[in-house]
Amino acid sequence: MIKFENVTFSRGGHTVLKEVSFFIGSNETVAVLGSSGEGKTTLLRLILRLLHPDSGRIIIDDLDITDLPEEKLAPVRKKFSIVFQDGALFDSLTVRENVAFYFREFTNYTENEIEKHVRELLGFVGVEEAIDLMPEELSGGMQRRVAIARALATRESKMFLYDEPTSDLDPLSADKICSLIKDLDGRERGFIVVTHAIPDALRLARRFMFLKNGSILFDGTKEQMLNADIPELRLFLSYWREIH
Amino acid sequence: MSRMIKQILYEFQQFYLLTCRGLLNIFRRPFYYRDLMEQMDYAGAGSLLIILMVALFIGMALSLQIAAEFAVLGLQIYTGRVVGISIISEIGPVATALVFAGRAGSGMASELGTMVLRHQVDTLRVFGIDPVKKLITPRILGSVLMLPALTIIADAVSLTGGWYISSIVNNQSSTVYWDSIRVIMEAKYIISGAVKPFVFGLIIAGISCYTGLSTHGGAVGLRSSTTRAFVISTILIIISDFIVTKIILFLFGYSV
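If you read the protein sequences in the order shown, they are chains A and B.
The end of the first sequence is residue 243 by numbering that gives the first Met the number 0, with every number in the run present.
The end of the second sequence is residue 255 by numbering that gives the first Met the number 0, with every number in the run present.
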């Protein structure tokens, strides 16, 4: 589904990603690991072509989207649902309106049908009681769960993209988010989760990539990653190993 | 130096393209009526009180100053005429636009800047929604529709403030004051005062939306965007005021 061919991206004279290549199938569950500032979020934004690469090709479902104009990107982007690090809920809308946003824009549902779907989705992510609240009244964990509910509303999407879904959350909220992502794993949709939280990544994904200095130094399974003889990866994992 | 000029030209081009796209979207589906109503409420009703206050005191101050100067020459009966021309064709539109830029323009820039920083604009793009159509067009249209309405109200309040000083404080005839204003209701003054708010509304919304959408760099970037929106709008309002006045005077046969 997603194919990167020698993609390079730089910002402000600094190369963020250097000739990155990989292929991710639509049902795969992938964790992109790396320290802060290694280009993990940039990778997600490139998949959606929210950024334009300096060189290389980005191919989604056999369609080269590298130089596709903005107006032709909409159908490609609809294949994905993204949950940004801070939830990216619309500040001026209530939780109900945030989740209903997609239904109102792209479907012909009646108000009753929209209300039913919104309550269903909020019930699924466990925040139905917050339906009338504004985003600023929610905790970080609740905001992200509402963001997941909003992302679920886009039923035509084939793959979820999670940008640091558990960062800055207390352990209980992080656990709830991970459980939610895990529950969605069985719904015929793959996901890419970008994180520096190793335990969360190990719990969620079956394939792991490790980004360092703009390059993918590792791409493989959990066992391969834990036994890999890559100094940078071993150093990254050592902090987690020390704790555990 | 050449790099700076290139940057300024690039930014001007981006601003121009964004404003044109925002305007052209008025004629393309889908129409975001609800967003337009929200923006008209925010920019129009939200700015009304502060504009009324500013307009009232500008009218009073102007009348006071002119009456004091004219009293020396014995020309107090012309107070209404001069206050009327100044307010309707010049001070009313400019002062209203400056207050509007400070209140609604800065608000637009900071709101859009926050949406950019919090990935809300990216979320719209991922949903397949054109952010220019959803966010910029209602703001441009809202400003272009509301600023003229606010200017008319501000002009009326300013003239009333001028009347209060002229008639109640300085004991001049109310009839003379309002009559001298009625006399100057000529096309060249009315058109000048009527055209400017549309131009200013477009400039304020275009600049504010552009600076808001080009926000980067967290809280400091947001501060910079909001400041830039107001400063650039203010400069362009003053410059375009001169240009519009010049064009209108030229069209009416003045060789100044």
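Please keep in mind that the hints were generated in silico from the structure rather than gathered at the bench.
Yeah, the Cβ is synthetic: ideal placement off N, Cα and C, and Gly gets one too.
Each hint should be verified, as a subset may be incorrect.
Looking from chain A toward chain B, a few residues come up when the C-beta cut is under 7 Å (computed) [unchecked claim]:
id: 1; residue: LEU47
id: 2; residue: LEU49
id: 3; residue: ARG76
id: 4; residue: PHE83
Anything over 12 Å on all C-beta distances counts as not near chain B; from chain A, calculated [to be verified]:
id: 5; residue: GLU18
id: 6; residue: ALA73
id: 7; residue: VAL75
id: 8; residue: SER80
id: 9; residue: GLN84
id: 10; residue: ASP90
id: 11; residue: ASN97
id: 12; residue: ARG103
id: 13; residue: PHE105
id: 14; residue: ARG149
id: 15; residue: THR153
id: 16; residue: SER172
Would the non-interface assignment of SER172 (chain A) survive a Cβ cutoff of 12 Å against chain B? 19 Å, holds
Measuring Cβ to Cβ, find out whether GLU18 (chain A) lies farther than 12 Å from everything in chain B. 25 Å, holds
If you take the shortest Cβ to Cβ gap from LEU47 (chain A) to chain B, is it below 7 Å? 6 Å, holds
Are all C-beta atoms of chain B more than 12 Å from that of ASN97 (chain A)? The claim is violated: ASN97 (chain A) sits with its nearest Cβ about 10 Å from chain B, within 12 Å.
Does VAL75 (chain A) clear chain B by more than 12 Å, comparing its Cβ with all Cβ atoms of that chain? 9 Å, violated
Taking the shortest Cβ-to-Cβ distance between THR153 (chain A) and chain B, state whether it exceeds 12 Å. 7 Å, violated
Go through the hint on ARG76 (chain A) and say holds or violated, using the shortest Cβ distance to chain B against 7 Å. Since the shortest Cβ distance to chain B is 5 Å, the answer is holds.
Beyond 12 Å from every Cβ of chain B: is that where the Cβ of SER80 (chain A) lies? With a cut-off of 12 Å, SER80 (chain A) comes too close to chain B, as the shortest Cβ separation is near 8 Å.
Reported absence of ARG103 (chain A) from the contact zone with chain B (all CB gaps over 12 Å): 9 Å, violated
Checking a non-interface call: every C-beta of chain B should be farther than 12 Å from the C-beta of ALA73 (chain A). Is that right? Per Cβ check, ALA73 (chain A) is inside 12 Å of chain B; nearest 4 Å; violated.
If we take the beta carbon of ASP90 (chain A), is the closest beta carbon in chain B still more than 12 Å away? Non-interface label fails for ASP90 (chain A): nearest chain B Cβ at 7 Å, not farther than 12 Å.
Would the hint on LEU49 (chain A) be counted as holding, given a Cβ-Cβ threshold of 7 Å to chain B? Holds - the Cβ of LEU49 (chain A) comes within 7 Å of chain B, reaching about 5 Å at its closest.
Hints 6, 7, 8, 9, 10, 11, 12, 13, 14, 15 from the list above are not met by this structure, while the remaining hints are.
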